[in-house]
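Heads up: the protein sequence lines correspond to chains A and B, in order. Taking the working numbering, the leading residue of the first sequence gets 1, the next gets one more, and so forth. Taking the working numbering, the leading residue of the second sequence gets 1, the next gets one more, and so forth.
Honestly, the hints are just simulated from the structure, not real lab data. Don't take each hint at face value.
[As the list claims (entries may be wrong)] Below, computed lysine-lysine pairings styled on DSS-like, alpha-carbon distance capped at 25 angstroms:
1. Lys55/A / Lys65/A
2. Lys3/A / Lys57/B
3. Lys9/A / Lys55/B
4. Lys55/A / Lys9/B
5. Lys59/B / Lys3/A
6. Lys36/A / Lys79/A
7. Lys102/A / Lys45/A
8. Lys118/A / Lys79/B
9. Lys59/A / Lys36/A
10. Lys118/B / Lys36/B
11. Lys3/A / Lys65/B
12. Lys9/A / Lys57/B
13. Lys55/B / Lys57/A
14. Lys45/A / Lys3/B
15. Lys59/A / Lys9/B
16. Lys3/B / Lys57/A
17. Lys55/A / Lys55/B
18. Lys118/B / Lys79/A
19. Lys45/B / Lys65/B
20. Lys3/B / Lys65/A
21. Lys59/B / Lys9/A
22. Lys55/A / Lys57/B
23. Lys9/B / Lys36/B
24. Lys36/A / Lys3/B
25. Lys118/B / Lys15/B
26. Lys3/B / Lys59/A
27. Lys36/B / Lys3/A
28. Lys3/A / Lys45/B
29. Lys9/B / Lys57/A
30. Lys3/A / Lys102/B
31. Lys3/B / Lys102/A
32. Lys79/A / Lys3/B
33. Lys15/B / Lys57/B
34. Lys79/B / Lys3/A
35. Lys3/A / Lys55/B
36. Lys59/B / Lys15/B
37. Lys57/B / Lys36/B
38. Lys55/A / Lys3/B
Computed from a predicted model, the values in this text were never measured in an experiment.
There are 2 protein chains.
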Amino acid sequence: MEKINIFSKYEEFDKYWSPHSIAELNGQQVIIAKVKGDFVWHSHKDEDELFHVIKGKLKMQYRDKSVEVLPGEIIIVPKGVEHCPSAEEETWILLFEPISTKHTGSIVTEITKNMYPKI
Amino acid sequence: MEKINIFSKYEEFDKYWSPHSIAELNGQQVIIAKVKGDFVWHSHKDEDELFHVIKGKLKMQYRDKSVEVLPGEIIIVPKGVEHCPSAEEETWILLFEPISTKHTGSIVTEITKNMYPKI
Numbered sequence: 001m002e003k004i005n006i007f008s009k010y011e012e013f014d015k016y017w018s019p020h021s022i023a024e025l026n027g028q029q030v031i032i033a034k035v036k037g038d039f040v041w042h043s044h045k046d047e048d049e050l051f052h053v054i055k056g057k058l059k060m061q062y063r064d065k066s067v068e069v070l071p072g073e074i075i076i077v078p079k080g081v082e083h084c085p086s087a088e089e090e091t092w093i094l095l096f097e098p099i100s101t102k103h104t105g106s107i108v109t110e111i112t113k114n115m116y117p118k119i
Numbered sequence: 001m002e003k004i005n006i007f008s009k010y011e012e013f014d015k016y017w018s019p020h021s022i023a024e025l026n027g028q029q030v031i032i033a034k035v036k037g038d039f040v041w042h043s044h045k046d047e048d049e050l051f052h053v054i055k056g057k058l059k060m061q062y063r064d065k066s067v068e069v070l071p072g073e074i075i076i077v078p079k080g081v082e083h084c085p086s087a088e089e090e091t092w093i094l095l096f097e098p099i100s101t102k103h104t105g106s107i108v109t110e111i112t113k114n115m116y117p118k119i
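Isolated chain A, as found in the complex (with noise of 0.2 angstroms):
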């Protein structure tokens, strides 16, 4: 019931391509990250997923084209589809997904957390 100032919750952790969960509701979570270069390529089986780009650029990468996402902009990445986000320089990012969603999908690597920090 009390305001979360998303901008001071970025603050909160440098690492990139480390999500933190700000909020959950109805069985969803808001996850924030900071994200710079590559991340893996990967998909969800069950799950669908919406970026929201606050600063900097991404690039969603799908197989057979990539779309820019620019602060103030959203992009859905529906299950099933692969994908493989990017960013030239730091670009901060706020997810919406369900509690359940792995951020490396099915893809286990040295980076996939099966538990975001949450602050």
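Starting from the known structure of chain A, arrange chain B on it as the hints suggest.
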């Protein structure tokens, strides 16, 4: 899979307290609305409701207090909690909630809509 520009979507309508759906995912919907003045007191029995302020200032009134929410801030109203959103000046809000959520909760008034236009 295409991006959505949130600001452009607000340009497609003028009416206050008239929610428009801009995206759906995982049984949830992304709603935008322009608001000014007081809404109605209501609660949602089964759904939490997320408000994200894009422009202006939202005053979220609860029965025992009010919280001012500014651009870049979000507030979640837990299910069952009576609330009455209000704004002195035109304010743009983005909501994230289950598709089943009715904007006036269990209260039915002249402004109640059962379906939101998709834009």
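Results of checking the hints against the structure:
| no. | hint | verdict |
| --- | --- | --- |
| 1 | Lys55/A / Lys65/A | holds, 22 angstroms |
| 2 | Lys3/A / Lys57/B | holds, 12 angstroms |
| 3 | Lys9/A / Lys55/B | holds, 19 angstroms |
| 4 | Lys55/A / Lys9/B | holds, 19 angstroms |
| 5 | Lys59/B / Lys3/A | holds, 11 angstroms |
| 6 | Lys36/A / Lys79/A | holds, 23 angstroms |
| 7 | Lys102/A / Lys45/A | holds, 10 angstroms |
| 8 | Lys118/A / Lys79/B | holds, 21 angstroms |
| 9 | Lys59/A / Lys36/A | holds, 10 angstroms |
| 10 | Lys118/B / Lys36/B | holds, 21 angstroms |
| 11 | Lys3/A / Lys65/B | holds, 13 angstroms |
| 12 | Lys9/A / Lys57/B | holds, 20 angstroms |
| 13 | Lys55/B / Lys57/A | holds, 21 angstroms |
| 14 | Lys45/A / Lys3/B | holds, 21 angstroms |
| 15 | Lys59/A / Lys9/B | holds, 21 angstroms |
| 16 | Lys3/B / Lys57/A | holds, 12 angstroms |
| 17 | Lys55/A / Lys55/B | holds, 16 angstroms |
| 18 | Lys118/B / Lys79/A | holds, 21 angstroms |
| 19 | Lys45/B / Lys65/B | holds, 20 angstroms |
| 20 | Lys3/B / Lys65/A | holds, 13 angstroms |
| 21 | Lys59/B / Lys9/A | holds, 21 angstroms |
| 22 | Lys55/A / Lys57/B | holds, 21 angstroms |
| 23 | Lys9/B / Lys36/B | holds, 18 angstroms |
| 24 | Lys36/A / Lys3/B | holds, 19 angstroms |
| 25 | Lys118/B / Lys15/B | holds, 15 angstroms |
| 26 | Lys3/B / Lys59/A | holds, 11 angstroms |
| 27 | Lys36/B / Lys3/A | holds, 19 angstroms |
| 28 | Lys3/A / Lys45/B | holds, 21 angstroms |
| 29 | Lys9/B / Lys57/A | holds, 20 angstroms |
| 30 | Lys3/A / Lys102/B | holds, 22 angstroms |
| 31 | Lys3/B / Lys102/A | holds, 22 angstroms |
| 32 | Lys79/A / Lys3/B | holds, 16 angstroms |
| 33 | Lys15/B / Lys57/B | holds, 17 angstroms |
| 34 | Lys79/B / Lys3/A | holds, 16 angstroms |
| 35 | Lys3/A / Lys55/B | holds, 15 angstroms |
| 36 | Lys59/B / Lys15/B | holds, 19 angstroms |
| 37 | Lys57/B / Lys36/B | holds, 10 angstroms |
| 38 | Lys55/A / Lys3/B | holds, 15 angstroms |
Of the numbered hints listed earlier, not one is contradicted by the structure.
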